[in-house]
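If you read the sequences in order, they're chains A and F.
Just so you know, numbering that gives the first Met the number 0 puts the end of the first sequence at 261, numbered straight through with nothing missing.
Just so you know, numbering that gives the first Met the number 0 puts the end of the second sequence at 389, numbered straight through with nothing missing.
Hints were generated in silico from the structure; no laboratory data involved.
Glycine residues also receive a C-beta, built at the ideal position from the N, C-alpha and C atoms.
A couple of the hints might just be wrong.
[Claimed, not checked] Across the chosen pairs, the derived CB separations fall in these ranges:
no., chain 1, residue 1, chain 2, residue 2, range
1, F, V334, A, Y146, 30 to 36 Å
2, F, D73, A, T253, 34 to 40 Å
3, F, F173, A, D167, 39 to 45 Å
If you want the building blocks of each chain, they are given just below.
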Amino acid sequence: MNSESPNGIEPEAQITVRNLTLAYGSFVLMRDLNFTVKRGEVFIIMGGSGCGKSTLLRNMIGLIEPTEGEVFYEKANFTRSDAEERRSFFRRFGVLYQSGGLWSSMTLAENVALPLEEYTDLSPVEIREIACLKLALVGLKGFEDYYPSQISGGMRTRLGLARAIALDPEVLFFDEPSAGLDPISSSRLDDLILALRDSLGATVVAVTHELPSIFAIGNNSIFLDSESKTAIASGDPKELLAHSQNAKVREFLTRGERRPGE
Amino acid sequence: MLFKILPVKEVQTQSDGAPGVSLETVGDATLVVQLSGAWRLQKNVTSASPVQKAIETSHIRSVRFDAKALSSWDSSILIFLTKVTELCRQQDIVTEREGLPKGIRRLLELAEIVPEQEGARQATDPRSFLAGVGTTTTGSYISLSEMLRFLGEVTLAFVQLVKMGARYRTADLFLIIQECGPQALPIVTLISFLVGVIMAFVGAVQLQQFGAQIYVADLVGIAVVREMGAMMTGIIMAGRTGAAFAAKLGTMKVTQEIDALITLGFSPLEFLVLPRVIALCLMMPLLCLYSDLMGVLGGAAVGLWMLDLSWTTYYHQTIHAITLTALFGGVFKSVIYGVLIALSGCLRGMQCGGSASAVGEAATSAVVTSIVFIVAACGALSVVFYIIGV
């Protein structure tokens, strides 16, 4: 407790979530969520389908205003920030959306370039160079002038990743990054995410229920349970698999295998 | 049926009878349900009412099944069996399924393994007429306040644009201008010309009776320039561009493109709505002028070929009839219509839900909203023009 600063936020915390309640109208999805994501961590939000994983992520990036509670980035309060402050937060985010969220009327290069045009004073030539570099990083070299509808699903996920890292963000959010990918593409994507995390020094928050990905990339996690409407476990997924006493968590992490006697 | 022609199936159909159920009471408390024949979904689903009658009239404590005479089965037998099981459950009667084939037992177990989730079934009781009226009224109140909020947000975005320049891509603006300006010319030409022709034709038939056919030029000129040019352009653009705006923004919402803009710090209002409003504001007066011209030409065509008026006579008569005030009045109206179409289209697009059918609804609703607003604005502006004496 000595390491905590006056407002109760740990010094190495990148994201602090306090007493967050997620609700659609009067229907409460999750309540009293409290967790901290430390700098450089790969933090996994897991739980069964429909339990509010994506909603939690959307609350954390400001697409939905939380019903109650607050989200802090480092020591700054994100939930209570005004429009101008929001922009400075958004500058530090990279988000990869579940259905891509790729701008269909722009080419791949333009998709990656738009955030750069918005937040930097670089010349169009330099922006194009950076956009091409980011596309090359995710293995899309040569596809700069294609439109998102002309490339495959796996390539679109990688394009989303290229756009998410366009501004060298501090925090990367992934919403079901490997949904709809074959096992090999999915594991390559995991490698890519780890490589980018290491080289950019970014913190990663990922919503996923792909077990191989969870164990491959995650080193901290939170487990949401729709029945008790709150988080029932947290910690390194591998540790949870080895030591968690909670039957639901074990069942999830072992794909439904139960220990004898359960 | 086709399979009856095939010899292989013939053998099978001989052994297949119609689905049959016969009941037999064994001892004093056990009912045996004997199932026979071929149970197929194509034939009528066998009713469970004989079983119901049997278990309601006598004191049966358990029900057994005998499927020895059953030749083939599919989901139809499952429906029958679930009905029987449900009936027995209500009467506290034990059902023994040992006599059924393994496949049927397994499927019945699967259907029962997950109990119905409480509260999952939505209330379907019919609402009273008054409740319906009330819900619709409060709904329209909410929709009005949403409309006003959207209008306020767009106004703020415009203020932002004037103060420090808004953030949208100039390339996008030009693309939208091209889509809602030059590309609309063919349809505007066709409709306006034909409306001119129709008005002249209807007028000519009447005016010829008095030998006053020359006034067809006045009739068409004034009507087209004051009202019809702007109105026709407005309605064409509502159907063409307003719907396109709603569908485009709605799809962007479904595919999370708008979310991606927001988390990059772009305001969708500045990035998507402003260029569309600006483009229509710029293009509508031009299209309206063009439509005026086409309408007058349509009238002239009737005058030249049907009424044998000379080109110069028609031209001079038209020029004398149209005042500059009337022309500007029409053009001003068209700008207002343009704003209304762009706002309705974008509003419905931004309100769109998360599915393909929601996009369709957004497009429909955008057209309806813009046409309603155009006609309402037309009426209001006519009154205002009359009061200020234009």
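Now the hints, each set against the structure:
1. F:V334 - A:Y146: 30 to 36 Å: 34 Å, holds
2. F:D73 - A:T253: 34 to 40 Å: 36 Å, holds
3. F:F173 - A:D167: 39 to 45 Å: For D167 (chain A) against F173 (chain F), whose Cβ atoms are near 31 Å apart, the range 39 to 45 Å is violated.
Going through the hint list in order, the structure does not satisfy hint 3, though it satisfies all others.
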